[in-house]
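Respectively, the protein sequence lines represent chains Y, P and R. If you're matching positions, the first sequence starts at 1 in the numbering used here and goes up one per residue. If you're matching positions, the second sequence starts at 1 in the numbering used here and goes up one per residue. If you're matching positions, the third sequence starts at 1 in the numbering used here and goes up one per residue.
Hint data in this document are derived by calculation from the structure and do not stem from the laboratory. Honestly, I wouldn't trust all of these hints.
As the list claims (entries may be wrong) - Restricting the straight-line Cα-Cα distance to at most 30 Å, the calculated cross-link-like pairs of lysine-lysine (DSSO-like) are:
hint, chain 1, residue 1, chain 2, residue 2
1, P, 407, Y, 6
2, Y, 73, R, 81
3, P, 249, P, 383
4, Y, 78, P, 101
5, R, 291, Y, 92
6, R, 291, R, 30
7, P, 338, Y, 6
8, R, 368, R, 461
9, P, 338, R, 131
10, P, 383, P, 264
11, Y, 78, P, 249
12, R, 470, R, 347
13, R, 216, P, 86
Stated by the list, open to error - Residues of chain P clear of chain Y, computed beta-carbon distances all greater than 10 Å:
hint, residue
14, 64
15, 89
16, 104
17, 187
18, 222
19, 242
20, 331
21, 440
Unchecked claim - To give a feel for the contact side, a few chain R residues facing chain P, derived at Cβ under 7 Å:
hint, residue
22, 41
23, 47
24, 50
25, 52
26, 55
27, 80
28, 82
29, 86
30, 272
Note that the Cβ used here is the ideal one computed from N, Cα and C, for glycine as well.
Single-letter residue listing:
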Amino acid sequence: MSINRKELSEMAQLAKLDLNAEQTQQVSQSLNQITDLVERIKKADTAQVDPMFHPCDFWMPLRDDEATESSHKESLLKLARHADEDFYLVPKVIE
Amino acid sequence: MINLSLRELTHLLAQKKISTAELASVYLDRCKQFNPSLNALLHIDDDINPEHLLAAADHDGPLAGIPLIHKDLFSTQDVKTTAGSKMLSDYVPPFDATVVKKLKQAGMVSIAKANMDEFAMGSSNEYSYFGAVKNPWDFDRVPGGSSGGSAAAVAARLTPVATASDTGGSIRQPAALCGITGIKPSYGRVSRYGMIAFASSLDQGGVMAVSADDCALVLEAMMGHDALDSTSIEAEPWHWQAPRDAAMKGLKVGVIPAWLEQLKDDDIKQSTLQALETMVAQGAELVNVDLPHADLAVAAYYILAPAEASANLSRFDGIRFGHQSAETCDDINDMYRKTRSEGFGHEVQRRIMLGTWALSSGYYDDYYCQAQRIRHLISEDFKQAFSQVDVMAVPVSPEVAFKQGEKSDGVSMYQADQFTIPASLAGLPCLSMPIQAARNLPVGLQLIGPYFNEQAILSTAAKFQLVTDYHQRMPEAFL
Amino acid sequence: MSQQWDVVIGLEIHVRLALASKLFSGASAKYGASPNSQVSFLDAALPGTLPVVNAKAIEYALRFGLSIDADIPEETRFARKNYFYPDLPKGYQISQMDDPIVGRGHIDIETEDGVKTVNITRAHLEEDAGKSIHDQYDDWTAIDLNRAGTALIEVVSEPEMVNAKEAVAYMRAIYNRVTFLGICDGNLQEGSFRCDANVSLKPQGSETLGTRAEIKNLNSFRFIEKAINFEIKRQKQLLESGQQVVQETRLYDAEKDQTRTMRGKEDANDYRYFPDPDLPALKITAEMLDKQRAAMPELPEAKLKRYIEEWQLREDEARQLAYDVAMSEFFEQSQALTDASPAENAKFLITDFNALLNEQDSDLKANKISATHYAGLLNAMSSGEISRKIAKQVLTDMWNSGKSAEAIIEQQGLAQISDSDALQTIITQVINDNPQQFEQLKAGNDKMFNYFVGQVMKQTKGQANPAQTKQILEELLNND
Numbered sequence: 001m002s003i004n005r006k007e008l009s010e011m012a013q014l015a016k017l018d019l020n021a022e023q024t025q026q027v028s029q030s031l032n033q034i035t036d037l038v039e040r041i042k043k044a045d046t047a048q049v050d051p052m053f054h055p056c057d058f059w060m061p062l063r064d065d066e067a068t069e070s071s072h073k074e075s076l077l078k079l080a081r082h083a084d085e086d087f088y089l090v091p092k093v094i095e
Numbered sequence: 001m002i003n004l005s006l007r008e009l010t011h012l013l014a015q016k017k018i019s020t021a022e023l024a025s026v027y028l029d030r031c032k033q034f035n036p037s038l039n040a041l042l043h044i045d046d047d048i049n050p051e052h053l054l055a056a057a058d059h060d061g062p063l064a065g066i067p068l069i070h071k072d073l074f075s076t077q078d079v080k081t082t083a084g085s086k087m088l089s090d091y092v093p094p095f096d097a098t099v100v101k102k103l104k105q106a107g108m109v110s111i112a113k114a115n116m117d118e119f120a121m122g123s124s125n126e127y128s129y130f131g132a133v134k135n136p137w138d139f140d141r142v143p144g145g146s147s148g149g150s151a152a153a154v155a156a157r158l159t160p161v162a163t164a165s166d167t168g169g170s171i172r173q174p175a176a177l178c179g180i181t182g183i184k185p186s187y188g189r190v191s192r193y194g195m196i197a198f199a200s201s202l203d204q205g206g207v208m209a210v211s212a213d214d215c216a217l218v219l220e221a222m223m224g225h226d227a228l229d230s231t232s233i234e235a236e237p238w239h240w241q242a243p244r245d246a247a248m249k250g251l252k253v254g255v256i257p258a259w260l261e262q263l264k265d266d267d268i269k270q271s272t273l274q275a276l277e278t279m280v281a282q283g284a285e286l287v288n289v290d291l292p293h294a295d296l297a298v299a300a301y302y303i304l305a306p307a308e309a310s311a312n313l314s315r316f317d318g319i320r321f322g323h324q325s326a327e328t329c330d331d332i333n334d335m336y337r338k339t340r341s342e343g344f345g346h347e348v349q350r351r352i353m354l355g356t357w358a359l360s361s362g363y364y365d366d367y368y369c370q371a372q373r374i375r376h377l378i379s380e381d382f383k384q385a386f387s388q389v390d391v392m393a394v395p396v397s398p399e400v401a402f403k404q405g406e407k408s409d410g411v412s413m414y415q416a417d418q419f420t421i422p423a424s425l426a427g428l429p430c431l432s433m434p435i436q437a438a439r440n441l442p443v444g445l446q447l448i449g450p451y452f453n454e455q456a457i458l459s460t461a462a463k464f465q466l467v468t469d470y471h472q473r474m475p476e477a478f479l
Numbered sequence: 001m002s003q004q005w006d007v008v009i010g011l012e013i014h015v016r017l018a019l020a021s022k023l024f025s026g027a028s029a030k031y032g033a034s035p036n037s038q039v040s041f042l043d044a045a046l047p048g049t050l051p052v053v054n055a056k057a058i059e060y061a062l063r064f065g066l067s068i069d070a071d072i073p074e075e076t077r078f079a080r081k082n083y084f085y086p087d088l089p090k091g092y093q094i095s096q097m098d099d100p101i102v103g104r105g106h107i108d109i110e111t112e113d114g115v116k117t118v119n120i121t122r123a124h125l126e127e128d129a130g131k132s133i134h135d136q137y138d139d140w141t142a143i144d145l146n147r148a149g150t151a152l153i154e155v156v157s158e159p160e161m162v163n164a165k166e167a168v169a170y171m172r173a174i175y176n177r178v179t180f181l182g183i184c185d186g187n188l189q190e191g192s193f194r195c196d197a198n199v200s201l202k203p204q205g206s207e208t209l210g211t212r213a214e215i216k217n218l219n220s221f222r223f224i225e226k227a228i229n230f231e232i233k234r235q236k237q238l239l240e241s242g243q244q245v246v247q248e249t250r251l252y253d254a255e256k257d258q259t260r261t262m263r264g265k266e267d268a269n270d271y272r273y274f275p276d277p278d279l280p281a282l283k284i285t286a287e288m289l290d291k292q293r294a295a296m297p298e299l300p301e302a303k304l305k306r307y308i309e310e311w312q313l314r315e316d317e318a319r320q321l322a323y324d325v326a327m328s329e330f331f332e333q334s335q336a337l338t339d340a341s342p343a344e345n346a347k348f349l350i351t352d353f354n355a356l357l358n359e360q361d362s363d364l365k366a367n368k369i370s371a372t373h374y375a376g377l378l379n380a381m382s383s384g385e386i387s388r389k390i391a392k393q394v395l396t397d398m399w400n401s402g403k404s405a406e407a408i409i410e411q412q413g414l415a416q417i418s419d420s421d422a423l424q425t426i427i428t429q430v431i432n433d434n435p436q437q438f439e440q441l442k443a444g445n446d447k448m449f450n451y452f453v454g455q456v457m458k459q460t461k462g463q464a465n466p467a468q469t470k471q472i473l474e475e476l477l478n479n480d
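So that you can see chain Y by itself, here it is in the shape it has in the complex (with noise of 0.2 Å):
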């Protein structure tokens, strides 16, 4: 199956990529070998088993409902690179 450029840019979109001219064309190429690729699963038999999501049986743990955490503020604006003392800054989002 092939990837359209329409699909891509669709893709690009929701993935917030700038693919140039260029890179369309070689993400396109790549991507319709892989396609090509894994077009062969489809076909595979797989009616008699469900979906694996982890490679073992185990159950999601809990954790008591405490606040452990203290503000780490300052160290983690300070990892920003537009931050004020108090936000992040972004440019600014209509609603």
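Please build the complex by placing chains P and R on the supplied structure of chain Y, with the hints as guidance.
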């Protein structure tokens, strides 16, 4: 010194024949001397104080004072952690990964961070933002990936031990291509907390060293349930006992004839058969087994891993940490796009696109869910095989280290993972150990064990290494 | 002939769970902290961080599910909902997709035409996003991640409401339920309870649903009614003029009383849901469910039934008490301590006690009268010690002084005069003071009974037992 085992090094330290500071210096000097030719390291810790570190550590432990290099995928507090990416080129984590913490507590001395394929996506370490890593056996060739830096560092004896990670073969394949031993434990054995995520249901932290015995000593300290990782297992920890002799009597070793058939490189095939003969000579019994669905493994993996990665990498948006585009942005979406397109390399972008596609509506059931069903089938295949054998011995890579730039298009690299991916999908413990080289380039043999039985493969490898010396060979350039 | 329209409304309600920590991290979930001071490394989505689920969030979700009689699965999973927004640090929200923790259930709502059962499609756990603050700077939006990662239950109704009033009634029913169960603090100003309304119109009697618009983030009962009514009108106008309703997200502007399109949220987002690989599935055991059943307070519906069947309360009184958490608690506590009948208790509570609360501009949450003291007052009434009229007085004194009924009755000498001799003396005095009226009474003017009872009451400051007074009067008449 650099060819001593961990036990021998510990002995020297205990006897005060050398201090931790001196031992660390030996390796640090080698790092500084040799890294320019290898580009295996991204960060060399000039000012660690080993005495300081040791004071906080377990003095009696078998790892106390032993130098260590962490793959730059593991978060190290206050020390840059880049994942081989421009996106994190200046990122300094405010916390240690659990693996880092545990090895620190065991007294190991971290001296550098290792180069790697960006976000652990690659099989040649050519995809690092910080430049390709060279194979110490031949500088024109790749060391394998994604843990190429870790493998090259151990092969060149820049460190006795390096941590690494394996998602589809990223420990085993570079270990094979660099002639060292490397183990990926069972999924859930080693905490993923603080290890930058690629594919969450496949990633496992592991270790590379010269011998299986060394790997086992370190793995024992790395593993264990972690309350911070919901996928870490509460299993009984094991205690490593090195085998006293190389007797393999009663050991049933599974081999896959179909896989041996697929080895087009005759030298690799011969090395593999020779290694199997060595085991038989020690009393092992070879049993033919089959993994009927293994030929679908690569396809399934290249759906699942990119799908999980595409979501894991969404957090890299320039807002809270990491690279943010310096260009003027029209709005937030523009900022996202510019930041991510600048920060991620081509291979990462390709995999994000692939993953986004595999999860998109209309494809989710046919591809993502189908791939998870195939994983189930492969897991069942292994269970069947292990009802007949104790361990499996199979190839790691269909080729020796290839030349830099030889595989310019990533897709042809994917198929080369055919021998490592099945055990990854099934979450099984697996390792690569050196066997007879092919045309002077390293070759590895993969041992796969049943779930949670790292000991079975480690002891088989340790026994093999008692009667062979492939693992002790090192590239002349670094002697 | 103008087209008649059926209105179809479905509601998605986000309930913020009253927990100490967040859904996946140990950061505090308290409201109102200084910005970005309750953010763990996981909440900031630092690479390598991993989610660990809050046990109480699971308990509260199960409790809610049991209370709406819902199907509860044996296994439940978390899933990633992928989209980019600055207040969503990971670039995905951990929510639930195919295996929600609460399946199909139902709840009753009060409509003008009586009780209606509304079906609930499902309820699931998910994490909340952070806050985007747009008015701090001209060119920037400020992001506060304190709220990011706090636990929500999203309750999804079937599209079964047919007008704005029903929507409000449903919203109230869910609100009462979650506050009643103690899983939500019900603080609307703090955003503990938010509603999204999906509104569409279809030609009357048609089977095909029309295109719906979603109105987001309504956190007031008043606004939701206005917003929905505006939206219905808007859609009606569009459809009747031959235009289409666009499927979109809208916001309600309270000042202008209108809904408008929400810009910035990119339409037709493919969320690419898939099970979160950082979290194994949760096994829901019988023990877990039993634990929640035991922890659940008796539901209003059950109380209502019990009050009517066991305590013979009138339906309207029973309903008023059963559906008010504080009232029903106070009612039951006091009932356990008094000899008065439940009916007497209920009546007094609903009329006189409530009247006092209104006068004091207060409510039972700030009640100054203990159940024990109130029970004492009921006892004094039912034993005849005081009349109801006096009891009302005593009640007010109890509120103001904090004293028990007995203490006040004694202090003020309010005990009802039921002593025949004492009464007789007083009555005789009153007769002597009012000879003309007595003649009228003797002559057969029965209305004069009330006059004399009234006079006796006046004399005794309301403490005479009216029934007994009348009885004695009659005796005196007969003897005369």
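Exercise for the section: Please confirm whether residue 89 of chain P is truly not at the interface, meaning its C-beta sits more than 10 Å away from all C-beta atoms of chain Y. Expected result: It holds; residue 89 of chain P is separated from chain Y by about 13 Å at its closest Cβ, greater than 10 Å.
Exercise for the section: Closer than 7 Å between Cβ atoms is the bar; does residue 47 of chain R clear it against chain P? Give me holds or violated. Expected result: Hint holds; residue 47 of chain R Cβ to chain P Cβ min 4 Å, cut 7 Å.
Problem - Whether residue 331 of chain P stays farther than 10 Å from all C-beta atoms of chain Y, as the label says - result: violated, 6 Å
Practice task
Would you check whether residue 80 of chain R satisfies its interface hint, that is, whether its CB is within less than 7 Å of any CB in chain P?
Solution key: holds, 5 Å
Problem - chain P contact restraint for residue 41 of chain R - C-beta distance below 7 Å - result: Cβ of residue 41 of chain R sits 6 Å from chain P, so the hint holds.
Practice task
Quickly compare the C-alpha distance for residue 383 of chain P and residue 264 of chain P to 30 Å and report which way the hint goes.
Solution key: holds, 28 Å
Exercise for the section: Could you check that no beta carbon of chain Y comes within 10 Å of the beta carbon of residue 242 of chain P? Expected result: holds, 27 Å
Exercise for the section: Compare the distance between the alpha carbons of residue 73 of chain Y and residue 81 of chain R with 30 Å, and conclude whether the hinted pair is satisfied. Expected result: holds, 27 Å
Practice task
Report holds or violated for the interface hint on residue 55 of chain R, using the least CB-CB distance to chain P and a cut-off of 7 Å.
Solution key: Hint on residue 55 of chain R: violated, closest Cβ of chain P at ~12 Å, above 7 Å.
Exercise for the section: Confirm or reject the statement that residue 64 of chain P sits farther than 10 Å, beta carbon to beta carbon, from all of chain Y. Expected result: holds, 30 Å
Exercise for the section: Take a quick look at residue 222 of chain P and tell me if its Cβ sits farther than 10 Å from every Cβ on chain Y, holds or violated. Expected result: Residue 222 of chain P clear of chain Y: closest Cβ-Cβ about 18 Å, beyond 10 Å.
Exercise for the section: Measure nothing beyond the straight line between the CA atoms of residue 249 of chain P and residue 383 of chain P; if it is 30 Å or shorter, mark the hint as holding. Expected result: holds, 23 Å
When each numbered hint is compared with the structure, violations occur for hints 5, 11, 13, 17, 20, 26.
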